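Undergrad: Residues per chain, in single letters:
There are 2 protein chains.
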Amino acid sequence: MIDFACKKFDLDEVVKCILMLSKSEFRILKFLAEHDGKFTTENLSKKLNLDKSSIQRSIKKLHEKNLVVRSQANQSVGGYLLLYRIKDKNLIKKMVTDMLGGWVETFKKKLSGW
Amino acid sequence: MIDFACKKFDLDEVVKCILMLSKSEFRILKFLAEHDGKFTTENLSKKLNLDKSSIQRSIKKLHEKNLVVRSQANQSVGGYLLLYRIKDKNLIKKMVTDMLGGWVETFKKKLSGW
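Respectively, the protein sequence lines represent chains A and B. Just so we're on the same page, our numbering is the position in the first sequence counted from 1, plus 99. Just so we're on the same page, our numbering is the position in the second sequence counted from 1, plus 99.
Keep in mind that the hints were calculated from the coordinates and are not lab data. Treat the hints with caution; some may be incorrect.
Same chains, same label: a pair holds when it works inside one copy or across any pair of copies.
Unchecked claim - Restricting the straight-line Cα-Cα distance to at most 30 Å, the calculated cross-link-like pairs of lysine-lysine (DSSO-like) are:
(1) Lys-209 / Lys-192
(2) Lys-209 / Lys-145
(3) Lys-209 / Lys-146
(4) Lys-209 / Lys-160
(5) Lys-209 / Lys-193
(6) Lys-137 / Lys-115
(7) Lys-160 / Lys-186
(8) Lys-122 / Lys-145
As the structure is a prediction and not an experimental result, all values here were calculated from the model.
Okay, chain A solo, but in the shape it has when bound:
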């Protein structure tokens, strides 16, 4: 029932809120969580239909927040590509559920004061 009545309490909103992510940071992280592998910002831009500058800004934030890992792939023709993957999906999921659990406990305590 709560699923239908409380649209703003959907999975995506809660994860965004707990991890303090912008809409595009969340979209990138979700994509990386659902797709194993490493992606360039160009790949991500195409897959998510987001402009490259927005992807670059968001992936930088995700990297700063320690949610994605960057690696470098040297190209046979010279130069290199920067690749991104999600850092530790299970750890991120655990972090989210732990924080949600903590919040539920606080909620129950407050409600018992009613």
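We have chain A already, so just place chain B on it with the hints.
TA: Quick look at chain B alone, frame taken from chain A:
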């Protein structure tokens, strides 16, 4: 942490959302939860600084939703007053925590699919 980052997930918002209450329905219910006793719509209007028509509309809804009980107090000068109190505070709290618990389970299931 989630308390600060996710303002929209505060106690009031969650209760409103779970019980599907409007802002003034919620304010009345919260007041009745925090103040034992019976109140007329006029009392409530003064206490909550809400106009009487809004109180009347909201208390009617709360009554329909089975969250408040109405009783009648005969007046020595003739006539009667309609009084309202919260129906069963503990049952309401239990309902809210049960629904929240169900939602958390759904949330965890969905998240594990990430």
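Undergrad: Looking back at the hints listed earlier, which ones does the structure fail to meet?
TA: none
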